[in-house]
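Peer 1: Those protein sequences? They're chains A and B, same order as listed. Quick note: the first sequence, position 240, residue 247 per our numbering, numbers continuous. Quick note: the second sequence, position 46, residue 51 per our numbering, numbers continuous.
Misleading hints may appear alongside valid ones.
[What the hints assert, rightly or not] Pulled a few chain B residues facing chain A out of the computed Cβ check, cut under 7 Å: (1) 71; (2) 193; (3) 262; (4) 265; (5) 296; (6) 297; (7) 385; (8) 396; (9) 472; (10) 473; (11) 583.
[To be verified] Okay, derived cross-link-like pairs now, BS3-like style, lysine-lysine, Cα gap no bigger than 30 Å in a straight line: (12) 231/A - 159/A; (13) 275/A - 498/B; (14) 369/B - 388/B; (15) 297/A - 277/B; (16) 182/B - 301/A; (17) 280/A - 369/B; (18) 319/A - 280/A; (19) 561/B - 298/B; (20) 160/B - 148/A; (21) 502/B - 280/A; (22) 381/B - 148/A; (23) 330/A - 277/B; (24) 280/A - 74/B; (25) 498/B - 266/A; (26) 125/A - 182/B; (27) 159/A - 388/B; (28) 388/B - 409/B; (29) 369/B - 148/A; (30) 503/B - 330/A; (31) 266/A - 502/B; (32) 125/A - 231/A; (33) 206/B - 502/B; (34) 125/A - 152/B; (35) 74/B - 319/A; (36) 74/B - 266/A; (37) 319/A - 498/B; (38) 381/B - 319/A; (39) 184/B - 266/A; (40) 330/A - 498/B.
It should be emphasised that the hints constitute simulated quantities derived from the structure, not laboratory data. Glycine included, C-beta positions come from ideal geometry on N, C-alpha and C.
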Amino acid sequence: MEARDNHPTLLDHLRRQGVSRRDFLNWCAYTASILALPPSASQAIAQALATKPRPSVIWLSIQECTGCSESILRSFEPTLESLIFDQFSLDYHHVLQAAAGNAAEQARDRAIEQNFGKYVLVVDGGIPLDPDGYYSTTGGKSGRDLVRAAAKGAALIIAVGTCATYGGIPAASPNPTGAGGVHDALRELVDNTEVAAPIINVPGCPPVPEVMTGVVVYFLTYGKPPDLDNLGRPIPFFGRTVHDDCPRLPFFNQGLFAKSFDDEGAQKGFCLKDLGCKGPTTFNACTTVKWNEKTSFPMFSGHGCLGCAQPKFWDREGGFYGKVF
Amino acid sequence: MARSSKKVDEKPTAAAKNAPAAQPRRIVVDPVTRIEGHLRIEAETDAQGVITRASSSGTMVRGIELILKGRDPRDAWAFTQRFCGVCTVVHSIASIRAVEYALGYVIPENAQIIRNLMIAAQYVHDHVMHFYHLHALDWVDVISALKADPAATSKLQMSLSPWPNNSPAYFGGVQQKLKGFVEGGQLGIFANGYWGHPEYKLPPEVNLLGVAHYLEALAWQRDVVKIHAIFGGKNPHPNFVVGGVPCAISETSHATAVNAENLRLVGQVIGKMREFVDQVYLPDTLAIAGFYKDWTTRGEGVGNFLSYGEFPTGVGAAERATLQFPAGVIINRDLSKIQPVDFEDPTEIQEFVAHSWYSYSAGKQVGLHPYDGETKLEYTGPKPPYEQLDVDQSYSWIKSPRWKGLPVEVGPLARVLILYASGEVRTRGLVDHSLGRLGLPISALFSTLGRVAARTIETKLIADMMPGMYDALMANIARSDLRTFDDVLFDPKTWPKKARGVGMMEAPRGALAHWLTIEEGRIGNYQAVVPSTWNAGPRDAQGREGPYEAALRGHKLQDASRPLEILRTIHSFDPCLACAVHVVDPNGEELVRVKVL
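Chain B with its partners taken away, still in its complex shape (with noise of 0.2 Å):
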């Protein structure tokens, strides 16, 4: 395969131009790909070709929340749905909360349960797709697999699962197509990999297995999300409603979408859902993490983990206290600790823009809270074409979001490490047992690879939720409860003048929540932090990293050509940057330079 050079890859520092491997070095990705979004790694080297100072650039901005400003506020789920539309329910469930939690609406409980069931089918397609499509070519290497003894893939299946594509034939005609793909000639998506890289450790055999695997789970996907299909009309981008949902239920006819035939559908692919981690996520992620235990001494980040809590089994008052993931932070790796998130306090939940381009009116040193969010676009970066951004000053689209001043990461890793912590059975038991087969620490989790492993085993514990959620659903419906909605404050008139809210919710890449004001009906200001701008945010006033700038910190590349080792720590993050920047001053439009042609 031809290997990167030059230019963009590998930018030598001015001093060291042209100069052999073992000089210092900066390396830039950009884009980095298999992400949504755009973003840009600067990764500066030492000598030894050692990552000593990482930058993390997001690169495009869309302004949505300066476009939410003066609108109804029941049409904000929609907007910001268009955040991301790789996470297509999130945005959607934390602005209809935000504008119940101003209005006091409460919602009936069928709809609780639809959402969270939308909720759930996100989490485990979103997971395994990432997994999949996004990650698994960074471990996976796709030209090896046809030096496989497909029999020995075979054999390999058989003893990871009952999962019935295991027959030596199989695996023979996944090669084969593989095979005919590369003698064409015409690479396509695989095109230009770092395939051969002395990183990739698996044998032919798991990468075989890999390929089958990645091709099975883009036919999956497509048949799993038929759940936000039913509920919401179409994925993706599926419909919600301030209120309730919008699906009414009509089990004894076939007039809406949520009929007794769509219900017994929704049964089985939760069961095709479950199959499918059971039967290849877990155990692939299990038999591959195998061969790179080296990454769980890497790619640890901040040591500090947010999550907001998700999938709450009450309504209205009861919603917060009745969360199956709890809330709460875990600071400096103490899992004995888990401390409580105030969302209203002006002082926890911060966002700074000392690196960021955008500016403040008491300067670019302070931090404000979301509620008093004041952001005005200031790009002070290189006129594109650009080589390389100036990191000692503002170098992202993205701000850099603080706990008490500290950065987090948030995520499946900080979801997992705080269900850990609060002695959550389920979880000990998956976390032990995972990390019991590969004979490895606790501390491993802290890590790349630990990322990883959060990722799957959280799939597997929100998959065995579905049924739990859809008993619930059908015993209503049972007892001829099909109330979906309430439109008792559905109407702006019935609102009061002035109200605010705060929708929180946990993403499948972290914590996410929208704060907006309402005034007259309409919408005065609207915030979102979400969970790539904690994850992917440059540095702060103090000059601390984020979470991505830190993991990378200590990364050795092996060839700096080629820096897989980059995009395997920071595919780890699964990250998603058209939502991390969306952010706008919603009072800022002469401050916006646009010349419109």
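This is chain A alone, in the form it adopts within the complex (with noise of 0.2 Å):
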């Protein structure tokens, strides 16, 4: 991503604002750590971030329940303030931006042209694939119209949320509107390479936000997505079960197992695998990386995994309480 001439560089930018050197470099050395990078790659991302213009980011919403925007302003570090008022240019956001109506089309399509080829494009909400649109609209255009045009000059293209990345709850059988994720909106223009950007897929009902913001610094920094998997799930996030790194862990090889949600082993921390937990078959952070500010997240607050990172999780026989095994 090349430096604009109209625009200063991120940390013109946060001098401007007063925000010192040490308090940036503290942020990019946690943003390595939570992405599993070398200390080194903190001197990396800084410099990266230290001489890059404030980049576009477009927001796009289709049949989302607004989850995902709510999990990411949760987001402790980096905060969604820092991002959005430091980092990157949030252009288009239906939830936070001021303008409404044509005015916030028009800002929309302005941040397209004048960043083509070079903005994030973010997509949360499943998509109803049918040509015809009329299951979500905005502005009297169809979701997949807005997302098939925002995709052609995109830089990196981010599914967040398991509806944008595998069609999630819309998409659950008998998937009433025919929704599927960003891959299926835009398959044969992948196809035919008039969208080239790399897709990435960060599901979860919703992501952890430092998933969410985790992957867009790493663009930042490096100019690619980081390594993905055969789900398009970035590595650092995505390579381990959350089972593998619960706290209940333990019981579960010793094979104590509460058998109901508050009897003596529940209050003991014993494994949740037999009140439903499908942390065993789910690849996530939520155990690493954790929720709110590292407060908690499902099992350490007594209820099993519902498995949301997992494609189709909604129509996994058995249900949420069903035994994974």
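Since each chain comes alone in its own frame, lean on the hints to assemble the complex.
Peer 2: Encoded structure:
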């Protein structure tokens, strides 16, 4: 990503706002650590961010519940306000932006035009795949058309949440509106190279906030996505199951299982497998990055993992309280 | 700032194309931003720029009730929770209450207290965020804050409350930050706002105060939501369970999140919530309202109000008898009479589809009770991309619910009016004090600004109830009552072959209920009638407007190309659209016209 002539770099911007270089470096070090990068990477992040202008981010919401936007608002390190005021320019986000109606649509179209080939496109929500598109419209345009139009000029596409990655809840059986994820909506545009940007899948219902922000920062630093697995997920966050790092794992290994939500085993933190926990088959960062400033995560608060970062988790045989094995 | 024009916002009717401002127009706002979901407003104005007819359209549907059919009723809370990630607690609560009601499942007292704490935390969190992040920019001109004298803002803050962030240096810093942002030329989320619109009336110093608290509230909300993380594992979308709550209490160990340390944190968070409400949110509301008293005479809506009641202290049969926020209906502003609501009576709560993209087998003119809920997706609108809807025909994915045939408003204003009419002492005190400070009569509540004030007032009422909830939980724990779940009816094998139930609650945005039938341990039918359906629904078979539509009629727009007035009144309802448009026919798969690629 090259610096544009008319915009200051991030470090200029931060200095203007009185952010100290030390705070900035601390933040870079934290981000490197949650991305499982070596300590030396924090210098790379700092250098990259300090010499680049604030890139444009366009966030489109189609069949969304807004849980993904709410989740990113809960990000502690970095905070959303530090990102949108200091790191990138959030040029379209229909929950947060001041402008409405045509003024909002103009802001989006201008950002696409001025930053063509350079902006980051974020999508949340499922996408009705029928070209007629009347199950989700914004400004009279179908969600599918909006995503396909914006994807063509993107440098990176991030599908956030299990709906945008794999169709999620609208695509749960019997999928009444014919919904799919970003990959489905863009398939032939990718095949015929009209859409060249890499597509990162960040599943979760919603995703862990610091996973979303971490992926963006990685891209800003290295100009490419982190290593992705065969489902398009960034390996630093989705390389292990939540079971692998669960504090209840020692009880699993001893064969100690809670049988009810408030029995003695539950109070002692025994494994929740018999209450339906899907942790052993769910790849996510809930037990490592944790939630809400590391306050908790689902199993720590006594409920089994729903498996919400896995494709088709809504349709899993046995439901949320059936045993995984 | 760039002024919007042409195309979407300002769409002249065919005859009046390119005509000067003083002509009848069709003004379209789509997307209505700073809300949850997809809302479109089409407003027709006369030659004086006064709205003569407004039409409210929900433009997104997912069909989650159809998806629920045939599933395990114990799983329904997680599905319905995804109706909306903003009011992330309320649909889960309505769902587990519906299942428990159907089964006669009685939960432990601790579970009721923990649910109440989570609901209360949702209210305080949600209302503060609505005020600062979704609504404030309709009243606060961000760019004007650059002209403020930080010392004067500091003086103002000191006169309002003891809130510690009050120095000239602090406000100077906020202003500097804003200045850097604006000078950088990338305005991001503030780009293309209606800055400088003549309807913005606050002095620069008050605007700077608003910008500072917009930023403070972003940090505050992230912190106080930890109550949900402790009891539910995360926010958004914390976990729940039919039969109680899933979080076992382990006061003496650190084996689970509900331990001694985190219980102390819950107490501290409640303190932070109350402090912010008392020292920032409430004084800001009154300070800003003082400059906008003209907004107490417009935007009323339909004049009818409904609440289902909330915060039960009892369990089982005592649940509905111990609501701390009462249920009831007020018709035609008559505060002398609160009428009861019957959820089972097929003639009381009904949904109509005369102007919605659904059909009924008995025709589009009839109304149906949710137990008999029969809805079939039938899109008859224009093919996207489109410029304009035909608002004489069907024009929304939202249905039109009615109580005894009448449109009613739900939400904070309805709750506060019902509390006030019931004579509740704290409500009377707060309402009378607030109106007295502004020199306004009680009728001022029936307005756009009245809705804003009611939301603030109830936030204080609820925040002040939270220490009592917390103390009750701690007292139970102190006498070793750690019960949070009852497994007696958790196994579907223990259930009757057929059952049906309704789970009611008051969500931050208003009256919410889920109706379900259970057949052989599976969901037979599932219907939700949600707050924004009541408020945002289109006209009914009799042509009666929904509350949004009625509230907008009569608004005079100063500048049709920048319809700030529409945003003010619509945002005062706090729209939440994803959950308003999810209803589909439980038997209607064959009617869904979908081509899957």
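Peer 1: Going through the numbered hints above, which ones does this structure break? Give me the numbers in ascending order.
Peer 2: 4, 5, 6, 7, 8, 9, 10, 17, 20, 23, 28, 33, 34, 39
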